[in-house]
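Colleague: For the protein sequence lines, the chains are L and G, in the order given. Be aware that the first sequence starts at 1, since it is given in our numbering, and climbs by one per residue. Be aware that the second sequence starts at 1, since it is given in our numbering, and climbs by one per residue.
What the hints contain is simulated information worked out from the structure, not anything from laboratory work. There may be inaccurate statements among the hints.
To be verified - List of simulated lysine to any residue pairs, SDA-like, C-alpha gap at most 20 Å:
(1) L:Lys47 to G:Lys100
(2) G:Lys134 to L:Trp38
(3) G:Lys100 to L:Val44
(4) G:Lys100 to L:Thr11
(5) G:Lys100 to L:Arg42
(6) G:Lys134 to L:Phe229
(7) G:Lys100 to L:Ala13
(8) G:Lys134 to L:Ala16
(9) L:Lys151 to G:Lys100
(10) L:Lys151 to G:Thr44
(11) G:Lys100 to L:Ala12
(12) G:Lys100 to L:Leu27
(13) L:Lys151 to G:Phe43
(14) G:Lys134 to L:Ala13
(15) G:Lys100 to L:Ala16
(16) G:Lys134 to L:Glu58
(17) G:Lys100 to L:Trp38
(18) L:Lys151 to G:Arg186
(19) G:Lys134 to L:Tyr15
(20) G:Lys134 to L:Leu23
(21) G:Lys134 to L:Leu31
(22) G:Lys134 to L:Asp270
(23) G:Lys134 to L:Asp269
(24) G:Lys134 to L:Lys151
(25) G:Lys100 to G:Phe43
(26) G:Lys134 to L:Arg56
(27) G:Lys134 to L:Val44
To be verified - Which chain L residues face chain G? A few, computed with CB under 8 Å, are given here:
(28) Ala110
(29) Ser115
(30) Gly153
(31) Pro155
(32) Ala222
(33) Val224
(34) Ser289
(35) Phe292
(36) Leu293
The beta carbon of each residue, even a glycine, is placed where N, CA and C say it ideally should be.
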Amino acid sequence: MVRTVRRGRRTAAPYAFLAPAVLLFTLFILLPVGYTAWLSLRKVQVKGLGLGKGARTEVFAGLDNYRRAITDSELWSGGLRVLAYGALLLPIMLGLALLFALLLDRPRVALRRFSRISIFLPYAVPAVIASMLWGFLYLPAMSPLNYVLAKLGLPEPNLLSTGSVFFSIVNIAIWGGVGFNMIILYTSLRAISPEIYESARIDGCSELQIALRIKIPLLIPAIVMTTVFSMIVTVQVFSEPMTIRSLTTNITSTWTPLMKVYRDAFAADDLYAAAATSILLALFTLVLSFGFLRFVQRRAFGEER
Amino acid sequence: MAEARRPRLAILPTAVLLIGAVYCLLPVAWVVAASTKAGSTLFTSFTFAPSGSFFDNVSELSSYSDGIYWRWMLNTALYAGVGAALSAGLSGLSGYTLAKYRFAGRSVIFNVLLAGVLVPGIVLAIPQYLLLAKVGLTDTYWSVLLPSIVSPYGIYLARIYAAAAVPDSVIEAARVDGAGEFRTFRTVALPMMVPGIITVFLVQFVAIWNNFLLPFIMLADDNKFPVTLGLYTLLNRGNTTPALYSLVITGALLSMIPLVAVFLALQRYWRVDLLSGSVKT
């Protein structure tokens, strides 16, 4: 008797333990994804003047919203801007993270702990706050760069002008992201047994050669992972331009695709366009991250076929 | 022989790291200096030159709109603290279950949860708003708290950690001693998983604290704002009233202190190696 009761409790236990997670996952992830997909295929039909009850009804729209999205020049310019943003941000941010991680792992480096904590610190600063700090530093009236240049009698740049604001926002993202990626790469390096380097050192390899020939190849899985996560985050850039927008008129309300999704849904009251754009962005993210993984796999493990 | 070659300091690598550190500390040093300036000197004195108005700024910030700033800080503590605690608890229990039980549907549940890691936040935020609006929960604390609790990434981390840190034999021993399944988890497995769970807590804490879009969409009443959203609206108002800028700056500085404190306090316990997908035990 006792045995069967206990056996029964044990088989029921995993389901009971997972129930809250599965329930919340269904409510706040699965259902919203499904709902977005559904909304993206709908549109509002207006009867007459669109006034009064029943004048606006939701009907099936097929792929209309998608057709509108892919022919929307604002979405294209926002999308291309984010591609350029990522093409600049990712190599610099991840390159610096890798450089710092390798230097931290190198022998005979002083003030290691101070540098590690300082570079990691921006991870604890939310993007909105980080953008405020940098935004004020960019204001010509406050910028130390402008102060120094003015003292020297040189022309002062406006870091928030149409041409510069793009780079200014890339800088905020680099600042916010280097430390986190550095820590991931650094911990991966620490996990490698130091014996591997010993024989190389005995053979007279320099630290630079060890870094290039041994450490970087061993880090490739971690580099691939940080790249994929950074790509996913980059496609959704929102907080930085949204905050900087408060300080300059040179950022439009559709500067990035996510800003356009926000505007469509809440300012322009066009949920259906917002839903279709969201789905397109999600698909783009998936294609990008899986495409990158496939590409890397073929490059790294190509010989095995 | 080896003694004779005294380890020399690697100057160039040290210098490069220090430049990196200075770059990362620059805005922080600026905000510390700027928060000591009165609004009138903000634009006139050298950016990094400190002044003596810090406490005036704090008291001005505290009296702004009946002390709403401190309310925003409390709200943030609630959203990020409670949200991350619930999330870490749920991730711990779910991760442990997925790592330590064999049951029908295990791999299906795990794979579906894992796919959730890849779903971009944008696809979620708007429908989450609409769905919560249907049940009348938008513009409530729940609307920001509830969507933050389930974290596919947190469950994934907890599963890796539980698999490595909790031996099957210990669970078996507890069962033989007559402990129930939940009791085994709570008194035997959970203590072994503490570093992993602290890591999930911190990752979630930062993620919620950093999530601007969700409260931005969900909340209308500024009494419920987290500090990021509160300062954002203040910054926007600063466009017309630049005097608010010194409040934004002081508020930004004060908002950074608790998180840095949490990080330094928990530094010893959190397992960064988990984030790169590897665990040494």
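Colleague: Are the hints correct? Go through all of them and say.
Modeller: Checked hints:
Pair hint Lys47 of chain L plus Lys100 of chain G does not hold up; C-alpha atoms about 59 Å apart against a cutoff of 20 Å. Among the hinted pairs, Lys134 of chain G with Trp38 of chain L is consistent with the structure: their alpha-carbon atoms are about 16 Å apart, no more than 20 Å. Taking the CA atoms of Lys100 of chain G and Val44 of chain L, the gap is about 50 Å. The hint is violated against a cut of 20 Å. At most 20 Å may separate the alpha-carbon atoms for a hinted pair to count; Lys100 of chain G and Thr11 of chain L meet this at roughly 12 Å.
Proposed proximity of Lys100 of chain G and Arg42 of chain L is contradicted: the alpha carbons are some 44 Å apart, above 20 Å. Of the supplied pair hints, the one linking Lys134 of chain G and Phe229 of chain L is violated, its CA atoms being roughly 33 Å apart against a limit of 20 Å. Taking the CA atoms of Lys100 of chain G and Ala13 of chain L, the gap is near 11 Å; set against the 20 Å cutoff, the hint holds. This hinted pair does not check out: Lys134 of chain G and Ala16 of chain L have alpha carbons roughly 28 Å apart, beyond 20 Å.
Straight-line distance between C-alpha atoms of Lys151 of chain L and Lys100 of chain G comes to about 67 Å, which puts the hinted pair past the 20 Å bound. With a C-alpha separation of about 14 Å, the suggested pairing of Lys151 of chain L with Thr44 of chain G holds against the 20 Å cut-off. A hinted pair counts as satisfied when its Cα atoms are at most 20 Å apart, and Lys100 of chain G with Ala12 of chain L qualifies at roughly 14 Å. With a C-alpha separation of about 26 Å, the suggested pairing of Lys100 of chain G with Leu27 of chain L is violated against the 20 Å cut-off.
For the given pair, Lys151 of chain L sits about 15 Å from Phe43 of chain G by alpha-carbon distance, which is consistent with the 20 Å threshold. Of the supplied pair hints, the one linking Lys134 of chain G and Ala13 of chain L is violated, its CA atoms being roughly 33 Å apart against a limit of 20 Å. Distance check on the hinted pair: Lys100 of chain G and Ala16 of chain L sit about 14 Å apart at the alpha-carbon level, within 20 Å; holds. At roughly 16 Å between alpha-carbon atoms, Lys134 of chain G and Glu58 of chain L fall within 20 Å of each other, so this suggested pair holds.
Taken as a hint, the Lys100 of chain G and Trp38 of chain L pair is broken in the structure, with Cα atoms around 37 Å apart against an allowance of 20 Å. Pair hint Lys151 of chain L plus Arg186 of chain G does not hold up; C-alpha atoms about 65 Å apart against a cutoff of 20 Å. With a C-alpha separation of about 29 Å, the suggested pairing of Lys134 of chain G with Tyr15 of chain L is violated against the 20 Å cut-off. Straight-line distance between C-alpha atoms of Lys134 of chain G and Leu23 of chain L comes to about 18 Å, which keeps the hinted pair within the 20 Å bound.
A hinted pair counts as satisfied when its Cα atoms are at most 20 Å apart, and Lys134 of chain G with Leu31 of chain L qualifies at roughly 13 Å. About 18 Å separates the Cα atoms of Lys134 of chain G and Asp270 of chain L, which keeps this hinted pair within 20 Å; it holds. Simply put, Lys134 of chain G and Asp269 of chain L have alpha-carbon atoms about 17 Å apart, close enough for the 20 Å limit, and the pair holds. Proximity of Lys134 of chain G to Lys151 of chain L is assessed by CA-CA distance (about 59 Å); at most 20 Å being required, the pair is judged violated.
At most 20 Å may separate the alpha-carbon atoms for a hinted pair to count; Lys100 of chain G and Phe43 of chain G exceed this at roughly 60 Å. Between Lys134 of chain G and Arg56 of chain L the alpha-carbon distance is near 19 Å, which keeps this suggested pair within the 20 Å criterion. Note on Lys134 of chain G and Val44 of chain L: the hinted pairing holds, with a Cα-Cα distance of about 18 Å set against a maximum of 20 Å. Against a cut-off of 8 Å between C-beta atoms, the interface hint on Ala110 of chain L holds, since the closest Cβ of chain G lies about 5 Å away.
The closest approach between the C-beta of Ser115 of chain L and any C-beta of chain G is roughly 4 Å, which is under the 8 Å cut-off, so the hint is satisfied. Hint on Gly153 of chain L is violated. Least Cβ distance to chain G is approximately 17 Å, over the 8 Å limit. Interface restraint check: Pro155 of chain L against chain G, minimum CB-CB distance 19 Å, threshold 8 Å, status violated. For the restraint placing Ala222 of chain L at the interface with chain G, the shortest Cβ-Cβ distance is roughly 5 Å, inside the 8 Å limit, so the hint holds.
Contact between Val224 of chain L and chain G, as hinted, is not supported at the beta carbon level, the nearest pair being about 11 Å apart and thus beyond 8 Å. With 8 Å as the threshold, the beta carbon of Ser289 of chain L comes within range of chain G, its nearest partner Cβ sitting at about 7 Å, so the hint holds. Restraint check, Phe292 of chain L versus chain G: the minimum CB separation of about 13 Å is more than 8 Å; hint violated. A cut of 8 Å between beta carbons decides the hint on Leu293 of chain L: the least distance to chain G is about 11 Å, and the hint is violated.
Hints 1, 3, 5, 6, 8, 9, 12, 14, 17, 18, 19, 24, 25, 30, 31, 33, 35, 36, counting from the list given before, are not met by this structure.
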